[in-house]
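A.B. asks: Protein chains in written order, with the numbering used here: chain A, 1 to 269; chain B, 270 to 538.
There may be inaccurate statements among the hints.
As the list claims (entries may be wrong) - Stretches of chain B that chain A covers, calculated by requiring three or more beta carbons in the stretch to come under 8 Å of a beta carbon on chain A: (1) 312-326; (2) 345-354.
To be verified - A partial selection of chain A residues facing chain B, derived with a Cβ cut-off under 10 Å: (3) Thr37; (4) Ser46; (5) Asn153; (6) Glu167; (7) Thr233; (8) Asp244.
What the hints contain is simulated information worked out from the structure, not anything from laboratory work. Where is the CB? At the ideal position from N, CA and C, for every residue including glycine.
2 protein chains.
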Amino acid sequence: MDKRPIGVFDSGLGGLTCVREIMKIMPNEDVIYFGDTGRVPYGTRSRDTIIKYVRQDIRFLKTFDIKAIIIACGTASSAALPWIADESDTKVMGVVEPAARAAVAATKNKRIGVLGTGATIKYGKYVSNIKDICPDAEIFGKACPMFVPLVENGYTDSEATRIIAREYLDEMKEKGIDTLILGCTHYPLLKSVIGDIMGKDVTLIDSGAVAARAAYDFLNEKNLLSEGSEDGTYRYFVSDSVEDFSTLGSMFLDRPIKESVEKIEIEGF
Amino acid sequence: MDKRPIGVFDSGLGGLTCVREIMKIMPNEDVIYFGDTGRVPYGTRSRDTIIKYVRQDIRFLKTFDIKAIIIACGTASSAALPWIADESDTKVMGVVEPAARAAVAATKNKRIGVLGTGATIKYGKYVSNIKDICPDAEIFGKACPMFVPLVENGYTDSEATRIIAREYLDEMKEKGIDTLILGCTHYPLLKSVIGDIMGKDVTLIDSGAVAARAAYDFLNEKNLLSEGSEDGTYRYFVSDSVEDFSTLGSMFLDRPIKESVEKIEIEGF
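Given only the sequences and the hints, what does the whole structure look like? Please build it.
C.D. replies: Structure representation (structure tokens):
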């Protein structure tokens, strides 16, 4: 039993889809969330830049007495985690490995699609993680750089989003995949648009949610769950204006953010 | 006569629409361009963040022996320039004042529209600059947060862009404006989409181009034009990956970027 909070971070708001799942399956856990809204998006940055940002994000979370860190960001998990995993004495988990496992468990025809930011697709970590578990899987990646701005601006179900999504997904449909990883934690907000295009026979893997479930398994195995009966508490930190965070963040969490949101200077970490 | 280069900066690629005009009207001037691609977009940031970034951008350009600086960015000109204009001994010019003058010169019915990023519209500097010159003008501002990502991802003439643009511009049309400021230097790449929606009776003001012309007037008046007969030379600096800059930048400049592009660590300035 361990009452310390779990640290979760993302380039912005997307990681809240992971927090939503934590609230659901581990309602007694305390969470400290950092959204790097001052430097979002990560998906268009170079790997050097992403690694630098992720190190700072981890250093900030470690100023609290936390028991584990979830990188609830497809880009940071793909483009940084493999290079920095050994640097921390606190357990750091990403979204790629859990999503790869969930996809391999779900697929019947071993044809799996991966949607992600430019950097996520470029560094191919979903592909290599799936291949490690299921060497004969065929994997098709597609960078969807417009999805993050569309979600962050509330275009979760508009005709413009459908047009852009069809462009991204047309080749995915042609490949005959039966499982599709939403490899960026923003994309679950486009689940209905993506699901409509792909059809009901394609299983969508929500990378934020499966990362939360993997964190549960890890904490359970190591006897680190809080096991308290009190509801968990949540603290939110951002690196830019706190104004929009509560409104937009509530959309991601699917419940109102009533807690105060604090701004920090991430470059100082 | 002054052979020193002109410094130009933007949050990313948009400022190249200003450089394009410099190449046209001052072909003998040398230019040093900085695109803060590692921290783009500025338009969603808080004013404190934008001011911090702009101070660093100016400090970087001043490491060269330059004769003037153009902030070729609607957001930085609106949300930072008024607060930092007196800090530099080198002349610093933005896009807001020239665009306001051009709009007042162009309008017949004194009904002027302004399109810009969230921060640009919020700080209202186009409005106050127009009011200073033409107190009885009626001005209608509209934040268009999707335009920068659409342009940076090459959606300059797609159906999705037309749908989003119509949403942004419908209320502008209802207001009966005859002049529309493209208050972000990315927006000239959407000129044909915006022009089609607004109709040929609405004059579009290209803020990057008018800023270049205002810089010409300033340099001419102060006797600071190079007056050489040799073609100007161009140096490009960015704060993230140099890979995509030449390709995308050529689209903005409407000519190939053959010069090498250098990456700098802007946070060190």
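A.B. asks: Give me the numbers of the hints this structure contradicts, sorted from smallest to largest.
C.D. replies: 2, 7
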